[in-house]
Structures are given as structure tokens and as C-alpha cells.
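Trainee: What follows is each chain in one-letter form.
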Amino acid sequence: MANEPKKPLLEITGLTRRFGGLTAVNGLSLTVGEGELVSVIGPNGAGKTTLFNLISGLDAPDAGTVTFEERDVTGFTAERLASFGLARSFQHGRVFGNLSVLDNVLVGAHTRLRAVKPRIPVVGPLVELALALIRPPSVRAEEERLRAEAKEIIALFGERLTPRLDKPAHSLSYANRRRVEIARALALHPRLLLLDEPTAGMNPTETAEMLEIIRSLKARGLTILLIEHKLDLVMQLSDRVVVMDHGARIAEGLPAAVASDPAVIEAYLGHKAVGAANQDSANQDGGRDAEGDASRILVAH
Amino acid sequence: MGAGYGQGFELTPEGPIIVFPTTLGPWLDYTINGLVIGNIYALLAVGLALIFGVSHLINFAHGSVYMVGAYIGWLCVTKLNLPLPVTFVTVAAGCGLLGAVIERVGLRPLRNAPRIAPLLATIGLSVVLDQSAQLLFSPDPRALPTQLPTWRIAIGGGSIGALDLLIAGVGIGSAGLLYGFLRFTKLGWAVRATALDRDAAQQCGVDVDKVNRTVFAIASALGGVSGLLVGMYYNTIDPNMGFQAGLKGIVAQLIGGVGNVPGAIAGSLLLGLIESYGIALFGTSYRNLFAFVALILILVLRPNGLFAQARRLPPEPLTGTFIAPSRPLVLPKWAVWGLAALALALPLAVQQPYLLQTLGNAWLYALLALSLTLVAGTVGQVSLGHAGLLAIGAYASSLLALDAGVPVLLAVPLAGLVAAALGTALVYPAFRLRGHYVSIATLAVGEIVTLVILNWESLTRGPIGVTGIPPLSVAGKPLVSGQWVYWVPLAVLLAFAALQSRLLNSHLGRTLRAIREDDVAARSYGVDLNRYKGLAFAVAGFIAGVGGALMAHFYSYINHETFPAPVSMLALTMVILGGLGNVAGAVLGAAVLVGLPELFRAAAEYRMLIYGVVLLLLIRFRPQGLLGTV
Amino acid sequence: MLDLILRSTALVAGTLSLLTALGVVQPAFSQPADPAKEPVVLGVSGPLTGQYAQYGAQWQRGFDLALEQVNAGGGIQGRPLRVQFEDSQSDPKQTVAIARKFVADSRIVAELGDFTSAASMAASPIYQNGGLVQFGFTNSHPDFTRGGDFVWSNALNQAEEMPVLADYAVTALGLKRVALLFINNDWGRTSKDLFAKAARERGAEVVGAEGYLADEKDFRSALVRVRDTRPDGIVLVSYYADGAQITRQLREAGLTQPVVAAGSVYSPKFLELGGAAVEGVHTTTPFFPGDPRPEVQTFVKAYTGKYGIEPDAYSSRAYDALLLLATVIRQSGTDRTAVRDGLATVKDAPSVVYGTVRFDPQTRRVDKPLSTRLVVKNGGFALWEPGTAKVSN
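Chains as they are written, first to last, in my numbering: chain A, 905 to 1205; chain B, 2 to 631; chain C, 124 to 516.
Just chain A, same shape as in the assembly (with noise of 0.2 Å):
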């Protein structure tokens, strides 16, 4: 399942990211080839979310460089990295609560726009402006345009989302949440798709049709950088997995191998060894979680 990378997408060397005393992000390196799926799992506090806002553009390293389709593009900001084709979804799910599914999906395409394109000060809105206000053809038939495909990107999920498309978001369950903010990553038609824990809070059944949904977008050769609790989804997808505790990386390499890494256990297994004296009280509740999940692991094995 491992295909040899073509060439690195995006490449991450020694980033580091510091909140007061407290090392979020430690140095860490990671490249992530055209067409991979790599996995980020550790503990959690481990800094996962830290190294997507890093990546993503939320938030700016300390040191270190984010190399994306041979770009430094350290410290850019989120939106222009999105004009790059990077798409993410978030942790807790951030939907646009007001907004109808079909509107969250389109503003994922909102870099895609022809309006939005010039983007000289003062003239450059200005003409966004009357392009909205004027809505000549051009303007309609990309708006029909994207709506179709809107719909059609939805249409992936089933029955889920395409029954709601004029619902506002906050009237949604969790789990379509989630799906919506998929349907929104994918309408950027990104070229590197991070999912920050895409099946948090669904049951097994939702699960297992997230984890064929990703299947797919991955065997359209897109490349996703996924975060992910939940490791027996993690083994069947990856093709590599990257360990990270206490910010930094402890493991690397194929889903298997990595699985039965002392380090790897020892990590998941309550910070027996490693880094003990950093722990914090956060990580205490994850700590529990995270036993449990690497007694999956070793069943798996």
C-alpha cells in the first residue's frame, strides 16, 4: 500500500512553536509526498492541532520552515495559503452556524472565484463589488457552476446532507458538521487536505462511512494530512503514520511498523518513560483515551 512519493508536497523542517514556558511544537520535520495520506497521531496535548495551525497559517512558527510545493510559505497567512490550494477542517468542527449547508460549502470554493481574483487595493474590491451588484453572465454562470458541483461534492455523502442543503448549520447534528466542513474543504479543490480529527464524536456506523469517504478522495489522488484518534481507521488508510508526543516526533514509517514501536507504546501507554517530567494536568484525561487506544493497536496487530 506504501506507493514511493513522487515528490514532497509540503516539507516541514525543525518547526517550533513556544506558548509561554510550554513547547507546543518541538523541532519537529515532516514531508508528506503528492497523492500520500499521512497520519499524525499521538496523545493528546501532544501539539497536533498546534502543528495544523502552524501549517495552515492560524498561527506562525517560532523556528522553522513549511515548504509547500517547493514555496517557502513559512509564516503566510491562512488565506493566502488557501489561494495555494491547502484546505483544513477544525478540531471542535467550526461551521458557519447561519449560513445553509449549501452556502458553507460555497465559501470553500470562495479562492475559486474570478471575483475575488484582482487583488490590488481599493480597485480590486471595488471591482468585486460590482461584479456582486452587476452579476453579468460570466459572474451567473460561475455561480450556477459552482453550485452544481456544490451539490454534487455534498452528493458524496449520501442521504446526509443533500436532504438539508438550505439548513442552516447550527441545526445540524454533530456528525454532519464534520460533513459539512469536508464538503467545504473539498469544494477549494485543495492540493494538500488537512482533517483534524474528521470522525470525533461518531458512532461506528458514521465512522466507517467516513473512513470511505477519505478511501476515496484518497484514490482520486488527493493528498490529506489527517489527525486521527481513532487508529484501526488510521492503519487502514495511512500510508505512513507520524508519531508525535510532547511536540515533537518519536516515530515515523508504515501504519504496521509503527504500531509495534516501544516508543510508540510507551507513549500511549501513560508517559511511563519519555518527557514524564513535562507532563501537564491537561493531559491526563487524553492519557486514559489514549490507553485504551493503543490496547487497539496491539489487538490490530
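Treat the hints with care, since some could be wrong.
Pairwise CB distance ranges (calculated) [stated by the list, open to error]: (1) Asp208/B / Leu1037/A: 21 to 31 Å; (2) Lys320/C / Trp28/B: 28 to 38 Å; (3) Leu1037/A / Arg109/B: 42 to 52 Å; (4) Asp1070/A / Tyr180/B: 21 to 31 Å.
Derived from the structure by calculation, the hints contain no laboratory data.
Cβ atoms here follow ideal geometry from the backbone N, Cα and C, with glycine treated the same way.
Position chains B and C against the provided structure of chain A, taking the given hints into account.
Mentor: Okay, now just chains B and C, sitting in the frame of chain A:
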């Protein structure tokens, strides 16, 4: 007759003055005076900071509680002849009770309402309290004599009296007590837990209602005592004393960092110093201008206040954002067209000029509401300085017509462009701010506009105002009759409302609303916040600018008092009442809020009280606005 | 206080029920009655609520007293005189609506007010086009009466008042270096310029002028600036509340120079709010309760009898304005245009403010107000010096 300083010991009508000779000169005096007035601001800022810290609410009723405290004190001192300590206790108890009642009756029923609803409720409460005081005690100012000794210590050219020391003592003492309460009592822990994370505190068994009530009671008791002290300080109390004082308190606590009690005191002293030095450098008339410009600078350079710790990325929202879930009432298209046609035809059926003028005013204010509902409702940038855009439009159009000889029909749209450009440029530094900070920054921008108009005499004619503004006219025929003051604003309003609806139905509407719902997620999808906030403010500035220009040409005279801060409040009330972001709602809100005071005209001096009560009832039973958030 | 609460509850309830009936009741007013007994109505647009409410309340006391006297004296040729006081909050959007209401209401013979320039002058075009006299009895804005030939004012003309004040400060009190503090609005600004000119003409130097914002309460830093100009006297162009405040803080700051204030501080409230600090403040007033003229004595006796307090500048202006219009209407009739023409020709209307009133038909303002020099003495206004009761310009 010398300047009376540095001359040893002398007697004044107020009592002996002890003079410490000094050579430091006026800068010392400005510093002392700045600290003295900052000391007074601190009294209010501490209470506001406490309430904000726990309830995340800018309490506009705090100034009114302060006024009530002054009046309770006045009753105690002049009617009941109570000794000073008893007066203090009575005021604190009375206002503490009032605070608890405000929380229970005005705010608790709104805890599940949109975050903006309690803010509006505090505005409504403030109207009710101010008007009640005016009815009970008459609007005349009254003297509130102090029973403190009248000795004064002269420092440099100024002097400090017993009251100054008492005020400082109460300010610092109450901050110390608060600190002890928050640190060492169980309830204090609960308050801090609630301040950090309300939902989590509730899940841990904290009685959040009790915490809120306690905080309101404490802050209000403190506010009441402040009113008493400041009343004694100036020997003057009046029913309107709260608004300006509350405003300064809000500014002060913002400089220190909202919700930060020691920061509020430091911010107040700093505000006092900034004002005092502003007077020293530029003159008395520049006092507030200097203060508000400093506020904007501080907000831009240190968005969380001078004394706040640097914050991380805002946490991910778990339950809803600023805008609560809403299901707006959608008027069918035929109904909208029908209503518009009816409105246009009204003057043919009804010829009452008074009714037409009132509705004409409503349409003019609807332009303001339309403008505000775009930035505050659709984009979620709650502006409290929107009257400034009216003023810019009004002055631009008047001066273009009078000084540059531009025909009025051309001057009005040009004024819209000026307001769009100037308004956007003025608010631009605030684009990086979030939530309440945006509101306060825009409030400051509104004040700055007024003060620049007052002080830039060569352009604006300063306090004299602009007279003889020509009326709108077509082919040399002035449009001044009752029908035209109705039709012109209505036609402009319908045109803008149609444009705005079209805008909201385009990809821009979707984008702007996405910013409001979750700006972090919006950025992650390539939405450049500055670009779209700028665009929204420009459109809003154009609409409000045209509205202001029309008003100027109808009024024929404008000055810096024509569009005061309460107009901004009124506009926000209209927008919230109608439903945030809702175009029809903005029009309805304007019609209701311009119409109600006219409808209640028969009630004479009671009408504003009735207005306040009706406003509160509307918020209570329809917090998402009459037509709902779009 | 209990009765206040009861009264307010009752009135709230009453007005609410009235509101529901409002739409139905209003047209009933226009029923044809005996025209000889129909009241003559004057419209008043003024602040009863809002930040200027205190001034509206003072107006109302003056109006009520004047109405009592006019109606006790037979009204207008047997018809009772009435005032319809509409609360405007001195808000331009409300004054224009009120103006439309008054213009359309055929019972209204003339209009009085509003209070601020912004509110009054916004309504002027409507009164002018509607042919209803707008009588701005406190509107001192230099351009107020330029609104048209239906816009009149008997407000003190600052071009007259300020030289009188300068006479007092410079010639009589001998001040040579005066510092000015003025409220930075149209009135304060105009007055300041006129005073400075008049003072210079009389040989004094104006060493400093500080304009302050209308809602200012803290003047300490402004007073440091004033002090550092080393003036030998301080002139206030202020209303009574801010005037009292400045004087208090000035004395607290150790400034002992004589203070001369414009006539607008003339109010019992100035004494109440200023306390001991205002002792020795000089002012001029066109109206002074100690004035022996019978019309003044009638007014003061009736006013103190009815309200238990001394009249102030604003209630005396309101009283005066209403009596003046009653006189004009008696002479010229109740036709709106006749009222305008009557104002141009009225010669001997009695006035507590002016003695007798006469308008300049070109400027539609009154010339030559009376002026009395006062000083605060033992907590009350007293004539400054025996024998200088009246200084006619």
C-alpha cells in the same frame, strides 16, 4: 492679585490652603490634575471591569446606577441628614440591590439570547433609570454638599482635598477588597471560574446565576458610591450625569484591558494623564480628541489593553459564536413589493405633513440603520460610532454645495463617496480588533469625527456650524414640501435596500456572513478579512453618508451637535430590534424607533420612560429582533 | 417621595391608556365651536426630556406663570391663551416633525423655541415656508433670524451684551489682562469673539481663551493654562452649572482673581451649585428680581409665590416671550401673517428683560437690552454698587 501659588499660607472662602512651595512648574500641575481626574474615572472603571470580566458585557446601565447612587446620597444628606458613613452604607446597599434587580429582571432572562441582546437591555435599562430620576427629582441639577472637612493640600499650583484622598482610598480600597474576595473566598473562586469559562464552571456545579447576581450587586454598589463621591466632588448631580461618566469609565477600562480590575485603575489614571497633557499641549477643546486618539492608538498597538497578557489564538468556539442561531422571518417577494408600493403611494392618500415628516425621518434613519446592519449585522462588526458617518456625509455635502458650488444633486452622492472613503480609512486601524473592542474603537472614531468638526474651524466653521445649506432642488424647484421630505428619502431608501439585498444574495453576502460566523474558519478558506471589512464599511459609509447629506439639506443648518453619540446608540437599537443583518428589519426598526417617541408624544415628559420600557419588553420577548438575524 | 412614585405610576398607566385612544381622539379637536371662545394656541418646541430637559422645565415654569396672568386678565380679547408644549429633546429630527405638526395645525398662531441652535435652525425652513412665526427667545446664533422673515428672536444679542460685559470688567473693575473661559458652542464662540474685541477697544488685553466642551466637569488642567497666562481677571462665558463648576475649581486651585461671568449664569442654581466659591463673582443681567419696575416686581412676586424659588434667566425669558407674543396677538389678531407684521411694529410691549420691546424689522432682533451689574454677596445676587442699577447701552 497674584496667581496665588507658592505663597505660603492663605485663606480662601473654602478654608485654609497649605502650600508646599515648588519649582517644578506647570507640568507637575498637569500631572497631579491628570491623576486627580483619573482617580475619579477609576471608580467607574473598576465596576465596569468586574462586570465585563464575568459577564462579558459592556454595561451601559452602569452610568445610570452611578446617577442613582448620587440621588440616594442626596436624599440621605439633604433630606434625612444622615451622617456620612450611614449615607455610604445606604447608597452601597441601595445600589447593590438595584444591581441585583437589574441582573435578575433585565439580564438573566436573556442568558440564552444572542450576545448582543443583554447589551441592548443595558441601554434600555439606562433610559428607564435616567428618565425615572428625571421625573422624580426634576431635570434641574442639584447641589450635593460634602460633609467632609474643607482643608486642602496645595501641591505646585494645584491642590488636593479630603475628597480627593477619599476617592483614591475608595478606588484602591475597593480594588483591594475585590482582589481579596476573588482570591480567598469560595464565591470569589466561583466568580473567577465563571469569568474563565462559563459553561465549564456551570458543569462543575458553580451557580452561575448567583455569581452574576453577586457581581452585579458588588459592581453596582461600587458604582453608586462613585456617584455619591463624584456628586460631592463637583457639588452637582443631575439625572443625565451617568452617560458621559460611563463612557469615560468604559474607555478607561479598555485602556487597561477589559475585565482586568487593577488594569482598570491604571487605565483610568493613564486616561486622566492623557487628557491633562492633551489640554496642556493643545488646549481645553482638544481634551477628548486627544483621549480618543490615544485610545485608538492603544487599541491598535496593544489590542488587549496595556496591562493584559498577550493572548493565544482565540479558542475554538464549542457552542455558537457571537451571533446566536436564528430563523429569520422571510417576507415573500410580492409582500415586499406591495409594501414598497403602498409606502410610495401613501402621500397620495394621506396629506398630514406631520405624519409624512415623521415617516420621512424614519426613512432617513433607516438609511443609517441599513448601513449599520451591514457592518454590525452581516459582518458582525458592531459599530458604536455610526453617527460619525452621518456627520461626515452631512458636512461633505453642505460644504461642497456652499463652498465649492457643487449642485446639491451632485453633492449628495459625492458626500456618500467621501463618507465611504473617510469612514473606511478611519475604522481601518480597528479591523484587526475583535468583538467588543471593535465597538469601542468605532465609538472612539465617532467621537473623533465630532471633535474634529468642532476644532477644524477653517474647514467646518467650528462651533458656529454650517448655516444656509441649500435644499435639494430639481430644475430650480426646491423639494421642501411635506410630500418631498417623504418621497426623496423613501426613494433613496428603496434603492439602497434593493442594492443591499442584491449584495447579500451574491457571493459577497455569503462571504461577509462567513466572517461574522467564524472569522478564523473564513480566513482558512481564503477570505481576506481586511478586504471584506473594508468593502462593507465602504458600502455602509456610502449609504450613511448619503443619509447624512440628505438630512443636512433638509435641516439647512448643521453643527457638531446635530449627530451626537446617542444617535449611534439609536441606530444600533434599530438594527438589533429589526434583526441583525436584516434589510427589512433595519427599515422596520427605524420606523418603530422613530415612530414610537412621536406616538408617545401625548405622554409629554413620560414618553422616553415609556419608550425605554417598550424597548426592554421587545428585547425580552424578541431578542433576535423582530424579523430575526439573517 | 411616595407621592412622586404614585404619581408616576398613575401617569404611566394613564398615558398608556391614552395612547390606545390616541388615533381615535385626535380628529375630534377640529369640531366647530364658538370661535369667540376658542383658545388661542401658541406652539412650543423645547426639551422636556433628554440632556437639556432642565432648561425646558425652566421654560415651562415661565410659560405657566405668564399664561395664568394673561388669562386672568381676560386672555386674548376674551379667548383663553394656551400653550402646546411639544417635547423635542432638542433633537433636530424631532423639531422638524414638530414644525410640520404646528404648521399644519390651524389653531397654532405662532411658535416658540427650540433650545439649541442645531435643533431650532433645522426647523426654521419649515416654519418659514409654512408662514408660521418661529420665535426663538433663547436663540442667540448670529444667523438664526436669517432663516427668513418669519423667524424672529428676542434673545439677547451678543453684539450688545458683550460690550456691556466688557464695560463692567474693564472700565468699571479695572481689569487689564483678562483670561476667558468659554463653552465651545455657537453661543460661547460668538460671545468670546465679541467680548475680546470689546475688551481690546476698552484698553484691556485678552491673554488667554480656553474653549471647553459642553459636558465638561473637570477644569483643573484648563485652569493651569489660564493661570500661566498671569491674568488679573477671569471672564466666563458659561451657563450656570458649568460656570459654578469653573469658579469652584478656580478657587480650589488657588486662583484669587476677580471673576466676571456672562449673564447666562444668572440663576439661583449658580449660587446653589457654586456654594461659597462663587462669592464675589460679577455678572450682568437684563433681568434682576431687585429691579423696582412694577412688571418685574409682579413677576418676581408671582413666581416665588407659585414655585417657592427665585426666577432664573431661562424662566424669565420664557415668561417674557409669552407676554410679548400675547401683546402682539392682542394688537394684531390671530392671523399668522398678522403676527409677523405685528412683531415688526410692536413698540411698547412690556418686558421684564428689556423694559419695553421694539424689534429691528431688518434683523428681526431686539436692540438695547437693559443691563444690571450684579455681584454675588452673602450667598445672593446683589447690586454691584449702589447707584449703578441700570446701564443702558
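Trainee: Now look at each hint and say whether the structure bears it out.
Mentor: Verification of the hints:
no. : hint                             : result
1   : Asp208/B / Leu1037/A: 21 to 31 Å : violated, 52 Å
2   : Lys320/C / Trp28/B: 28 to 38 Å   : holds, 33 Å
3   : Leu1037/A / Arg109/B: 42 to 52 Å : holds, 44 Å
4   : Asp1070/A / Tyr180/B: 21 to 31 Å : violated, 52 Å
In summary, the structure is inconsistent with hints 1 and 4 from the numbered list given earlier, while agreeing with the others.
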